[in-house]
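Whenever a hint applies, use it, and build me the whole structure from the sequences.
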Amino acid sequence: MSAQSKQWIWLAVAALLLASAGVLLEGYSLRLLNLALLNVITVIGLNLAFGYCGIIHLGQAAFVGIGAYVTALATVKLGWPMAISIPVAMIAAASFALLVSLPLIRLKGHYLALATVGVNVILELIAKNWVEVTNGYNGVTGIPRLTDMMPGMAPEKAFIPIVSVAALVVVWIALRLRHSHLGRAMIAVRDDETAALTIGIDVGRVKVIAFTLSAVIGALSGTLYAHYTGFISPSDFAVSQSILFLMMLVVGGEASVIGAILGAIALTFLPELLRDLAAGYVAAGGSEKDLIARLLKDGYLVFYGLITLIVLMALPKGLAGLLQRWCGRAASP
Amino acid sequence: MTTVLETRKLTKTFGGLVAVNGVSLSVNAGEAFAVIGPNGAGKSTFLNLLSGLMSPTDGEIFLNDTSVTNSPAHGLRRLGMARTFQNGRLFQRLTVLENVMAGGCPGEGARLIDVVLRRGFYDRWQDALRARAETALKKLDLWAMRDAEISQLPFGVQRNVEIARALAAEANIILLDEPAAGLNSGERVALVRALKDLKSEGLAVVLIEHDMSLVMAWAERIAVLNFGEKIAEGTPAEVRANPKVIEAYLGTEAVDA
Numbered sequence: 000m001s002a003q004s005k006q007w008i009w010l011a012v013a014a015l016l017l018a019s020a021g022v023l024l025e026g027y028s029l030r031l032l033n034l035a036l037l038n039v040i041t042v043i044g045l046n047l048a049f050g051y052c053g054i055i056h057l058g059q060a061a062f063v064g065i066g067a068y069v070t071a072l073a074t075v076k077l078g079w080p081m082a083i084s085i086p087v088a089m090i091a092a093a094s095f096a097l098l099v100s101l102p103l104i105r106l107k108g109h110y111l112a113l114a115t116v117g118v119n120v121i122l123e124l125i126a127k128n129w130v131e132v133t134n135g136y137n138g139v140t141g142i143p144r145l146t147d148m149m150p151g152m153a154p155e156k157a158f159i160p161i162v163s164v165a166a167l168v169v170v171w172i173a174l175r176l177r178h179s180h181l182g183r184a185m186i187a188v189r190d191d192e193t194a195a196l197t198i199g200i201d202v203g204r205v206k207v208i209a210f211t212l213s214a215v216i217g218a219l220s221g222t223l224y225a226h227y228t229g230f231i232s233p234s235d236f237a238v239s240q241s242i243l244f245l246m247m248l249v250v251g252g253e254a255s256v257i258g259a260i261l262g263a264i265a266l267t268f269l270p271e272l273l274r275d276l277a278a279g280y281v282a283a284g285g286s287e288k289d290l291i292a293r294l295l296k297d298g299y300l301v302f303y304g305l306i307t308l309i310v311l312m313a314l315p316k317g318l319a320g321l322l323q324r325w326c327g328r329a330a331s332p
Numbered sequence: 000m001t002t003v004l005e006t007r008k009l010t011k012t013f014g015g016l017v018a019v020n021g022v023s024l025s026v027n028a029g030e031a032f033a034v035i036g037p038n039g040a041g042k043s044t045f046l047n048l049l050s051g052l053m054s055p056t057d058g059e060i061f062l063n064d065t066s067v068t069n070s071p072a073h074g075l076r077r078l079g080m081a082r083t084f085q086n087g088r089l090f091q092r093l094t095v096l097e098n099v100m101a102g103g104c105p106g107e108g109a110r111l112i113d114v115v116l117r118r119g120f121y122d123r124w125q126d127a128l129r130a131r132a133e134t135a136l137k138k139l140d141l142w143a144m145r146d147a148e149i150s151q152l153p154f155g156v157q158r159n160v161e162i163a164r165a166l167a168a169e170a171n172i173i174l175l176d177e178p179a180a181g182l183n184s185g186e187r188v189a190l191v192r193a194l195k196d197l198k199s200e201g202l203a204v205v206l207i208e209h210d211m212s213l214v215m216a217w218a219e220r221i222a223v224l225n226f227g228e229k230i231a232e233g234t235p236a237e238v239r240a241n242p243k244v245i246e247a248y249l250g251t252e253a254v255d256a
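Protein chains in written order, with numbering that gives the first Met the number 0: chain E, 0 to 332; chain H, 0 to 256.
Some clues are possibly wrong.
[Unchecked claim] Computed footprint of chain H on chain E; a stretch qualifies when at least three of its residues, placed anywhere within it, have a C-beta under 8 Å from a C-beta of chain H:
no.	segment
1	80-86
2	145-156
3	174-182
[Said to hold, decoys possible] Away from chain H, derived, C-beta distances all over 12 Å, residues of chain E:
no.	residue
4	Ala18
5	Ser234
6	Ala278
7	Asp297
8	Thr307
[To be verified] Under the rule of at most 25 Å between Cα atoms (straight-line distance), these lysine to any residue pairs were calculated in the SDA-like manner:
no.	chain 1	residue 1	chain 2	residue 2
9	E	Lys316	H	Met53
10	H	Lys137	E	His178
11	E	Lys316	E	Asp191
12	E	Lys5	H	Gly155
13	E	Lys107	H	Phe13
14	E	Lys5	H	Lys195
15	E	Lys5	H	Ala130
16	E	Lys5	H	Lys198
17	E	Lys107	H	Met144
18	E	Lys107	H	Met53
19	H	Lys195	H	Lys243
20	E	Lys5	H	Trp142
21	E	Lys107	H	Arg88
22	E	Lys5	H	Arg92
23	E	Lys316	E	Gln6
24	E	Lys316	H	Asn69
25	E	Lys107	H	Ala143
26	E	Lys107	H	Leu52
27	H	Lys198	H	Gly155
28	E	Lys107	H	Pro71
29	E	Lys5	H	Ala143
30	E	Lys316	H	Arg145
31	E	Lys5	H	Ala127
32	E	Lys107	H	Leu152
33	E	Lys156	E	Leu24
34	E	Lys5	H	Leu116
Bear in mind the hints are in silico, worked out from the structure with no lab data behind them.
Just so you know, even glycine gets a beta-carbon here, dropped at the ideal spot from N, CA and C.
Pasting the structure below:
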């Protein structure tokens, strides 16, 4: 079977899984699934810059934020329809990414990483302090929701098909890119810049493209987020979020689309699973006051960190590497 | 005879150190050209200047009649030049086939949307690129391992993948940086055969090499560097007989070889 038709089968299976999850899940799990799918989009974007091209990118949340803020403000304050504000928000993020990437890609390694943090911090400060435009810490409220178009359905359920379609399209685009001259060039640049130069790859240009694409895809996720929750605030797009996105990618398996998907889903659900575990422990007769309950309940982030650390140390290729080992030599896209 | 590559008084200094000093030479189309010299003679610097990875302090470089003295390295492929590296620099996370295809670019006309939607012309271009890579890999007996990961391959095979990658660039001149270094005798025989094949393709090859027997057996013309200067140039027989070369580098044993 050709790699192309295999891809279609995988995408169809994923669509089926998502459809049934949308029907079967209820309440909070449904919300988590929506957030996980939004994170899938963001992290697949990040994978282009970090996983493929090797740009240590600790500012992806900033581009998610640009997407969210531009569409939110355009719809709330200017009354634009979402069909216009969403593409405009993505173009805004792309233009900004293009602009900052030109000086940024001249930096290497840790300096580049720090510069991306800087970009994120600056945008966060603007969102917090330019109160007349952004409403500062209070955030933007009353953002029109995409799910308003389906009035008969519960919003959480109605959003599943929207975000699923978006995620599947992004996955499809990412796979197409991976097996194009751009995908090969990005990976070549990360593996060996000098060798890439000598076989005709314009390293600077490839980095700018990777960084910008990564931002656009992040911004798409941001616009959907804004029109899903109806409310955004600066803390949604803080540096800590960027670090989380990078962690999702590394835990899932960098430089692989499957890894980005697995990591985003796993790390979105993990904290909630741990919280549930604490509730279960108490329900099973454990005292709410004893150490285990308190650790699970309040210290779940400790476990979260520990589990992440264990994955990083035991699985250098992340969850995708584990999957590959189980399935033998599966075609890892 | 057409000149493919020419340097005029090419010079590179690092602070007070003159690594390459006023080297002028020209390589003709289809020629088997070797640059030899003892360790520290400036061979690698010279090669890095030719391939655009370093810019010269002084002097000029012409590639297929175009001045490329300060051109960016990535532009040289389009002008007909490819190179390999001494320590084998393949892309570890690409397969063998992808390594050879990497660097192929559909040109300015292809937009992102064409790539994603796989518009007909993009698919045709990519098929042509794959066919070219296939030809290059088959030439070096590597087609069977096209889907292998680089880390699984023995060193000698990796070296050949690099040569295939350079071949697929459709250059008319290829620079090889010590391709025999670290090869076993079997791999060395295969390399000499591959080099002769390159020659029969009408490619100009510039070989930077330590291995004297390989150079003497293969090269049509040899330039000898010592302390950054060209001290001799000529056929293997001429170079072998040149007293300056003998003094600087060869020693009696190698002359007999």
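Taking the hints in turn, this is what the structure says about them:
{"no.": "1", "hint": "80-86", "result": "violated (count 0)"}
{"no.": "2", "hint": "145-156", "result": "violated (count 0)"}
{"no.": "3", "hint": "174-182", "result": "holds (count 5)"}
{"no.": "4", "hint": "Ala18", "result": "24 Å, holds"}
{"no.": "5", "hint": "Ser234", "result": "33 Å, holds"}
{"no.": "6", "hint": "Ala278", "result": "42 Å, holds"}
{"no.": "7", "hint": "Asp297", "result": "41 Å, holds"}
{"no.": "8", "hint": "Thr307", "result": "23 Å, holds"}
{"no.": "9", "hint": "Lys316(E) <-> Met53(H)", "result": "35 Å, violated"}
{"no.": "10", "hint": "Lys137(H) <-> His178(E)", "result": "22 Å, holds"}
{"no.": "11", "hint": "Lys316(E) <-> Asp191(E)", "result": "19 Å, holds"}
{"no.": "12", "hint": "Lys5(E) <-> Gly155(H)", "result": "34 Å, violated"}
{"no.": "13", "hint": "Lys107(E) <-> Phe13(H)", "result": "23 Å, holds"}
{"no.": "14", "hint": "Lys5(E) <-> Lys195(H)", "result": "42 Å, violated"}
{"no.": "15", "hint": "Lys5(E) <-> Ala130(H)", "result": "22 Å, holds"}
{"no.": "16", "hint": "Lys5(E) <-> Lys198(H)", "result": "42 Å, violated"}
{"no.": "17", "hint": "Lys107(E) <-> Met144(H)", "result": "34 Å, violated"}
{"no.": "18", "hint": "Lys107(E) <-> Met53(H)", "result": "19 Å, holds"}
{"no.": "19", "hint": "Lys195(H) <-> Lys243(H)", "result": "29 Å, violated"}
{"no.": "20", "hint": "Lys5(E) <-> Trp142(H)", "result": "23 Å, holds"}
{"no.": "21", "hint": "Lys107(E) <-> Arg88(H)", "result": "20 Å, holds"}
{"no.": "22", "hint": "Lys5(E) <-> Arg92(H)", "result": "21 Å, holds"}
{"no.": "23", "hint": "Lys316(E) <-> Gln6(E)", "result": "21 Å, holds"}
{"no.": "24", "hint": "Lys316(E) <-> Asn69(H)", "result": "40 Å, violated"}
{"no.": "25", "hint": "Lys107(E) <-> Ala143(H)", "result": "37 Å, violated"}
{"no.": "26", "hint": "Lys107(E) <-> Leu52(H)", "result": "17 Å, holds"}
{"no.": "27", "hint": "Lys198(H) <-> Gly155(H)", "result": "20 Å, holds"}
{"no.": "28", "hint": "Lys107(E) <-> Pro71(H)", "result": "19 Å, holds"}
{"no.": "29", "hint": "Lys5(E) <-> Ala143(H)", "result": "22 Å, holds"}
{"no.": "30", "hint": "Lys316(E) <-> Arg145(H)", "result": "22 Å, holds"}
{"no.": "31", "hint": "Lys5(E) <-> Ala127(H)", "result": "23 Å, holds"}
{"no.": "32", "hint": "Lys107(E) <-> Leu152(H)", "result": "30 Å, violated"}
{"no.": "33", "hint": "Lys156(E) <-> Leu24(E)", "result": "9 Å, holds"}
{"no.": "34", "hint": "Lys5(E) <-> Leu116(H)", "result": "17 Å, holds"}
Checked against the numbered hints given earlier, this structure breaks hints 1, 2, 9, 12, 14, 16, 17, 19, 24, 25 and 32; the rest are met.
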